[in-house]
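Asker: Residue numbers (UniProt numbering), protein chains in the order written: chain C, 1 to 180; chain X, 1 to 180; chain V, 1 to 180; chain F, 1 to 180.
Bear in mind the hints are in silico, worked out from the structure with no lab data behind them. On a predicted model such as this, the values are computed, not experimentally measured, just so you know. Just so you know, nobody snuck in bad clues.
If chains are identical, the list can't say which one is meant, so a pair holds when it fits in one copy or spans any two.
Below, simulated SDA-like cross-link-like pairs (lysine to any residue); rule was C-alpha separation at most 25 Å, straight line:
| # | residue 1 | residue 2 |
| --- | --- | --- |
| 1 | Lys-84 | Val-39 |
| 2 | Lys-84 | Ala-42 |
| 3 | Lys-84 | Gln-21 |
| 4 | Lys-84 | Val-103 |
| 5 | Lys-84 | Ser-134 |
| 6 | Lys-84 | Asp-55 |
The residues making up each chain are set out below.
4 protein chains.
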Amino acid sequence: MTDMAEMPSEPSGWLSERELQHVRRELPLLYINAVPVRVDAAGEVSEVGLLLRADDDAISRALVAGRVLFHETVRDALIRNLEKDLGSVAMPRIPISPTPFAVAEYFPTEGYGAFHDSRQHAVALAFVVAVDGSCEPSQNALDIVWLSPEEAASDDVARDMTGGQHSLLRRALAHCGVLR
Amino acid sequence: MTDMAEMPSEPSGWLSERELQHVRRELPLLYINAVPVRVDAAGEVSEVGLLLRADDDAISRALVAGRVLFHETVRDALIRNLEKDLGSVAMPRIPISPTPFAVAEYFPTEGYGAFHDSRQHAVALAFVVAVDGSCEPSQNALDIVWLSPEEAASDDVARDMTGGQHSLLRRALAHCGVLR
Amino acid sequence: MTDMAEMPSEPSGWLSERELQHVRRELPLLYINAVPVRVDAAGEVSEVGLLLRADDDAISRALVAGRVLFHETVRDALIRNLEKDLGSVAMPRIPISPTPFAVAEYFPTEGYGAFHDSRQHAVALAFVVAVDGSCEPSQNALDIVWLSPEEAASDDVARDMTGGQHSLLRRALAHCGVLR
Amino acid sequence: MTDMAEMPSEPSGWLSERELQHVRRELPLLYINAVPVRVDAAGEVSEVGLLLRADDDAISRALVAGRVLFHETVRDALIRNLEKDLGSVAMPRIPISPTPFAVAEYFPTEGYGAFHDSRQHAVALAFVVAVDGSCEPSQNALDIVWLSPEEAASDDVARDMTGGQHSLLRRALAHCGVLR
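Next up, chain C with everything else stripped away, as it sits in the complex (with noise of 0.2 Å):
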C-alpha cells in the first residue's frame, strides 16, 4: 500500500531538491489541499471530484495537494495548485474565507494522528472548491473522476485513499452538509 509520499512535489524555485530534502525532516512544511466539487443552483454539492493517480503499482484516488511557497499567499497556491492538478479552464471559485474547513497533520510517523506522508511533517489547510468549468487530469494524474456524496464517503472509495486523506474528505462532505 502507498501512502501520502505520492503527494507530489512541485518544483521550489528556492530551495534546491537537496535543500528540501533536508528541511523535510526539520521544519513542518505548509500545504494547501482542496476538495473539487460541482454544485447545483442552489449551492448544493452534488458531485465530488477525485484524482486517480498511478503510485508505483498501485492506483490510487487523492485529492488536490500542493505546497505554499515562500512570499506566495494561501489564495495564491490554492489557485495555483488547482490548476496544477485539474487544468488551466476548471474556473474554480476561490472560496470567500480564507478560513479552511480544516486542518490536516500529515506525520512522517505512521499510526501517529490522522494523516500520514512517509516523507515529511506537512501541514495542509483544507479547502472545499466549486469548479465549474472543465477539468483535465494533469501529468500527475490518470483522469479525475467524480462521485456523489453518497459514493465518495463510502467505505469502497475509503480504500483507494492513501495517508489518511479519505478522512479529510468525509470532513469536507460534513461541513458541506451532504455527509449522512
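Place chains X, V and F on chain C using the hints.
Answerer: Just chains X, V and F now, kept in the frame of chain C:
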C-alpha cells in the same frame, strides 16, 4: 432614529398577517441575513453591497433580510430573499456550506444584546453571498450601493445602519479576512 | 420506527400548548441541538454522550434538544436545555463562539432533507459542548451513555438514532477532527 | 516603529539557529497565534488578554505566538506556546475543534497583505483560548493586561500593536460575537 422594525416582512402564505402579529410576541422568528459582495478572481472581497432604504423620514443602509417560511429550506429562503432584494439577475453564488458565518439575535427590547427589532424577536442566520450579476433595487429599497471593505467598516456607515446591523456587517468583513 | 417527534417540547410559558400545536404547522420553530462530549487535557474529544430514551415501544439514542423561547438568547437556551437533559451538575463549557457548527433543518415530510420531525418544521442550531461534571438522566431520558468517537460514528449507533440525528452527530465528530 | 520581527522564536531543537535563519527566507514557517480570553458562566467573552512587550525602545501589546515544531501537533504547539507566554498555571481550555478561526499570513514585505514580519514569511493558525487560571508574564513579556472587548477593539489598542496583529484581534472578537 429608526430601528430593525423596518426589516421588511414578506406576506406569509401560511399565517394571516393578524396571526403573525400575535406570534411575533410569542416565539422567536427565523430569518436570514445576507451580505452581498463582489469578489475578484482570487476570491477576495472587493466590494460590499448595501441596500439604501427610506423608512419613515430617515434614509438608512441595510443588509438583505427576510423570513424563513414554513417548509422552506434555509438555502431556498436565502435565494428567495436575495431575489426579493437584489432582483432576478443578481446571480448569487449560494454558499456551499449551509452553516452561517454568524447568528444575529434581534430582540424587541432595545439594548438587550447587539441587535434590535422593535417588532419581534428574530434570529437571523447570516451569510456572505458573492453576486456576479446585475443588482436592481426592489420596491423595498431605493438603491444598492457598493462600498470598499474599508468604507463598509467605517463609523460613517455604522451611523447609517439600524438595529445593530453594522456589527453584523463588521463580522462579515472579519469572516472574509478583509476587516483591518 | 419512531421519529424526531419524540424530541421533547418543554412547556411554553408564552404560548398555550394548543396555540403551539397550531403554530407548529405554520412557522419553522427555532431549536438548539447539543452534542455533549468529554475532552482530554489537549482539548481532544475522548467520549461522546448520547441520551437513551424510551419512546412508545422503542429505545433510541438522542442528542440534547430543545426550543429557544421568546426573548431567550441562544446561549441561554443552550444552557437551559443542557441542564434539562443532563442535570444541574454537568458543568458544561458553553462555546465561546455563538456560531453553531451546523444547522439541522427538521421537516415534517419524511425524506425531505436529512432531518425529520413528524410534528413540526424545526430548525436547530447545533453545538458541541464539553461537559466536565457529572451527568444525570432527566425524566426525559433513561440514561446517558458515553461512547468513543469511533463507536459514535458507527452504523450500529446510527440505527439507534431517529430523525436523521446520526448525520448531525457525524458532522459534530467531523467538526472536532475525530471522524475517520 | 517595531514590527512582527519581535515575535519571539523559541530555540529549535531540530535546526541550528543559523540553518533556521537560512530557511526563514526560503519557506513559509508555520506558527500559531492565540488570543487568551476570560469568559463568563454563559461562555461569553468578558476580557481579552494582551502581552505587554518591550521591544528595542518601544512598548507594544502582542498576541501569544510561536512556531509549530517538527513532528509536533498544532494542539501541542498551542499548549506549549500558551505555557511559554502565560505561565504554567493559566489553565487554558484548548479548543475542541482543531480548525483555527482565522489564518494570519505574515509577509516580510511591508504592505503586502494585512500582516507583516520583517524576519520571515510566517503563516499562523489563530485560536481563541479561554483561560481559567492565573497568567504570569514570561521572560518575553513585561506583563499581561486584561481589556474589555470594547477596549480591545479600539484604535488606541490598535496603535500599540505591531505587524497587523490588531486586525487579527478584531477578527477574534468578531468570531466570539463581541465585536460591535
